[in-house]
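Student: Chains as they are written, first to last, in the working numbering: chain A, 1 to 271; chain B, 1001 to 1431; chain C, 2001 to 2291.
Hints are supplied without guarantee of correctness; some may be wrong.
Cross-link-like lysine-lysine pairs, in silico, DSSO-like; alpha carbons within 27 Å at most [claimed, not checked]: (1) B/Lys1330 <-> B/Lys1124; (2) B/Lys1130 <-> B/Lys1383; (3) B/Lys1070 <-> B/Lys1058; (4) C/Lys2289 <-> A/Lys99; (5) B/Lys1044 <-> B/Lys1069; (6) C/Lys2053 <-> A/Lys188; (7) A/Lys263 <-> C/Lys2053; (8) B/Lys1069 <-> B/Lys1058; (9) A/Lys100 <-> C/Lys2053; (10) C/Lys2184 <-> A/Lys3; (11) A/Lys10 <-> C/Lys2289; (12) A/Lys263 <-> C/Lys2184; (13) B/Lys1147 <-> C/Lys2053; (14) B/Lys1197 <-> B/Lys1231.
Simulated from the structure, these hints should not be mistaken for lab results.
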Amino acid sequence: MIKIESALSKSFLILMVLFTILPVFAIFNLSLQPATALSTGISFSRNLNFHNYLDAWRMGNFGQLYLNSLGISLVIVPIATCFAVLGGFGFYYFNFRNKKYLFNFFLLGMTLPYEAIVIPLYYGLNSLGILNTSWSVILPLLGGFMPFGIFWMRSYFSSLPNELAEAASIDGASSFQILLKIILPISKSAILSLSIFYYIWSWNHFILSMILIQDATRRTVTTGLTAFVGQYSQNLPLLCAGTMTVIAPTILFFIIFQRHTVKGILDGAVK
Amino acid sequence: MKISGKIQGVVIGSLLALVASTSGAIAAGGAPSPSTVSKTLTKKPITLRVFTTAPQNKVSEAVAKEFEKKYPNIKVIVQAADFPNYSQGIQLALKSKNGPDVALAANAFDSKNGLTLNLAKYSKLYGWDKIIPSTIAQQWKVTDDYKTMAGSIQVALPVDINIVGIYYNKSLLKQIGITTPPVSMDDFEKALAAAKKAGQVPLQMGNSQGHAAFLIQGIGQATDGAKSAAKWALGIPGSTFDTAGNKLGATKLLAWKDSGYIPSDVNSYSLQDAVKNFTQGQGVFLNDGNWDAGTIDAAMGDNVGFIPFPGANVVAIGGGDAFQIASNSKNKDAAAAFLDMLISAQAAPLAWSNGFLPANVGTAKGSTSLQNDILKAYGNISKANGIVSFNNNVTSSMNQTLTTTTQALLGGQMSVATLISTVQADWSSSH
Amino acid sequence: MKKGRDSGFEAILFVIPALSFYLLFVITPWISAISFSFFNWDGIGSAVWNGFKNYSEVFHDPEQINSIKHSVVLIGFFSVVPVTLGLILANLISNLRATSLIGRISRVIIFLPQVLPLIAVGIAWKLMYASQGVINQFLRNVGLEESTRGWLGDFNFALPAIGFVGIWLGSGLCLLLFNSGIQKIDQHLFEAVQIDGGGRIRAFISVTLPSLRPEIRFASTITMIAALSGFDLVYVMTSGGPGGATLVPGLEVFRLAFAYHRFGQACALAVVLSLITFLFILLVNRLLKDI
């Protein structure tokens, strides 16, 4: 009975895995077919047209797209993580009037869709003169990432034993010293998880860059891919190669950091 | 309380910003004229940014190279997007830093916002009206209220001519037993029926972006005649979409899908997919414009021909890629010189080799059989004064309206009558 | 001034960086959207006061109200189904060891959809739904040729097709969340049910479900937010077509603003969208508090 159950369980799991990987496999498979391919279904042939990847890279200017996206993510991740740690600590460590009110004010932001604010952002950022530059995406994302970050860090800090902070405080340490010397060293995992989320979310972001950045040389991987797909819509294997080019680094990054990402969200979710 | 005080400040601040931004709005009085115009360009190193759509960018890029040779101090950067993405983003781009100097015009009436120039002075300086056929040029000249075409404010310069007709696969046509391409609507329907019987895809078409509207317009104006169809398409008050021709067009579109002349899943793929299918032998006929001639020519060579839309009147939907100069461009004269080169005799072969019919038609000579077909068709149509501008351009939302209504019609969700009245309602809201 | 942990002043210092960016780039634009929503504005010229008419239009214009209806439908696909599926599957595989190699590899793959850019997901699924795509290929191979169709161009199936992508997106996350939650449940609780004579279903209802409440709440919230924004997917898969059958509020806001040049109306719909999102999240969290 146990054996059958175990076999059944394993098959469900494998089914789930296959179902999940199907679309990615389909794209990969199509990317290796000749440009004249009419069918978008899965087919296997002897010829593997790897040149599609070279063509896509060149024609879609993916190198530039990577640099742009990287530029945005590398600015956002350290700053956002830093602010989230500071803010999360502020909510965790201190008791002040209206703390709950302010915290809920932050949580409100997690439910706010970017579509709701993109139009005023457009006009506001234009008057600041930074429209059409990476900053027009960096600044709003920094703001938008705060609610989750504060929530995440505060939850984590709350799970730490209270005595640590108390003891240091009695010893006369300032709040900042407590954060730096006591709390941070034992929070590395949670902070790393948060940074990874921020990296993935800033990399994957679409609507802000689509509306706020019109210059093709400044497009991100997501908006660049969309433009590439629109422009070369006749050559399906080519645009599949482009799509794979965009998601492959993300998959690689995720596999390397999967322990912190998956475990992070699974543990953090219950707090 | 601290928080509500902040909120109050923010509300007041944003209301002030709203008032400020709306009152200090860019000359909402329409397209400004440049104060001075000159053919002499600066000798300083400058960059000219050109925003356009694919596949027109191939022509722009070729011309850009020639331009850079002529003016070594000027660097030309050409940027392209596909049309739906382009038209949604171009107004934003014109307002922003690093926006274009030269931009493909998505719609003649958008110039009301003052973001692009009135080109009349440049036109006079360079003599553009002598080169561009008037039926094409007038589509980019609007009246003072920016609601009707064929006015006096020139908002863009057409650089090539698009006509929409019917491509046909010569070998497949022979296979289904037809010797000459159809001229009348009757001939066309007989050919479609024969193709269906022979197991071919009669009419290749893709409507995920609303291109079935070409069929309605094609049948509509072939029935009603160019003169009356053009009035509506130019936005001239007093005209209506509710005509015998358009009703017939919408009815036939639905009927042909139900009879299997048009693929049943036409709503799920785009015109580009249809072109691809056609070049691979799936489709005897294709209702499309000459902007795809380059691709189709390369794939099919002598096996493809082009004819005007069959019908009682020799007409075609015709327009062109037209370019505008941004009002806040720092290099207006250079931009104008670039436009001039785009329509020069020197650039005409560059357009042709990429499959585009140059606006400077007089100097165009076809080098493939398809190109000659297109030239011949154009010649016949313009002799008969049969050019009608795209219905899609008559208001800034008409493209979306036509997309939604044709998709609904073909999906069995909307009647012909409702389609006609919805389209007319959109038109009436601006005219 | 209060000192130590009661120092409100010090607390604010820590929170100021996050708060200022949040206020400047999220709250301020949102309040601007609210103020824009009371005007008729084409984005360029002057704005004309329109009172609450824009809001009235949100609920009367078929295009706009339908977009909201579609969003609610998508909640079913993006949230309800994955959570349910996740619960069932997590229960089914609860006896597998999470630390085995298969377990570890499966975990990585199953979480993948949450990590991919939605645009790429949309492109992949759009190709799968094409007339010659994988879905129809599969149907043909199992003898269901008559069921094949151009899924994204079909009035009845386009929205469910997008919904199905939502199931693909959310099920993995839910499965992993619930599985990890189940592993943490004290075995004695299950034994107690067994002693009482209860079967698997009893165990599920009285032990598993209540213990998973925080996970269910988290999963529901996350997937619901995904359902209600849905811009990226719909934009790249159907642009709201055919004929508006897959329009969602996010896309309609975009269209109202940049295709129809009606910025005031777009903002009104955007505000309604944010309120609806907020309400649904509140509802879910209230409901699940008492399970």
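Student: So, for every hint listed, does it hold in this structure?
Tutor: Outcome of the hint check:
Of the supplied pair hints, the one linking B/Lys1330 and B/Lys1124 holds, its CA atoms being roughly 21 Å apart against a limit of 27 Å. Using a Cα cut-off of 27 Å, the hinted pair B/Lys1130 and B/Lys1383 holds, with the two alpha carbons roughly 17 Å apart. Taking the CA atoms of B/Lys1070 and B/Lys1058, the gap is near 19 Å; set against the 27 Å cutoff, the hint holds. For the given pair, C/Lys2289 sits about 22 Å from A/Lys99 by alpha-carbon distance, which is consistent with the 27 Å threshold.
For the hint pairing B/Lys1044 with B/Lys1069, the CA-to-CA distance comes to about 15 Å; that is within 27 Å, so the pair holds. For the hint pairing C/Lys2053 with A/Lys188, the CA-to-CA distance comes to about 52 Å; that exceeds 27 Å, so the pair is violated. For the given pair, A/Lys263 sits about 49 Å from C/Lys2053 by alpha-carbon distance, which is inconsistent with the 27 Å threshold. With a CA separation close to 17 Å, the supplied pair B/Lys1069 and B/Lys1058 stays within the 27 Å bound.
For the proposed pair A/Lys100 and C/Lys2053, the alpha carbon gap of about 36 Å is over 27 Å, so the pair is violated. For a cut-off of 27 Å, the pair hint linking C/Lys2184 to A/Lys3 stands: about 23 Å separates their Cα positions. For the hint linking A/Lys10 to C/Lys2289, the alpha-carbon distance of about 33 Å lies beyond 27 Å, and the restraint is violated. Among the hinted pairs, A/Lys263 with C/Lys2184 is consistent with the structure: their alpha-carbon atoms are about 14 Å apart, no more than 27 Å.
With a C-alpha separation of about 26 Å, the suggested pair B/Lys1147 and C/Lys2053 falls inside the 27 Å cut-off, and the hint holds. Under the criterion of a C-alpha separation no larger than 27 Å, the hint pairing B/Lys1197 with B/Lys1231 is inconsistent with the structure, at around 39 Å.
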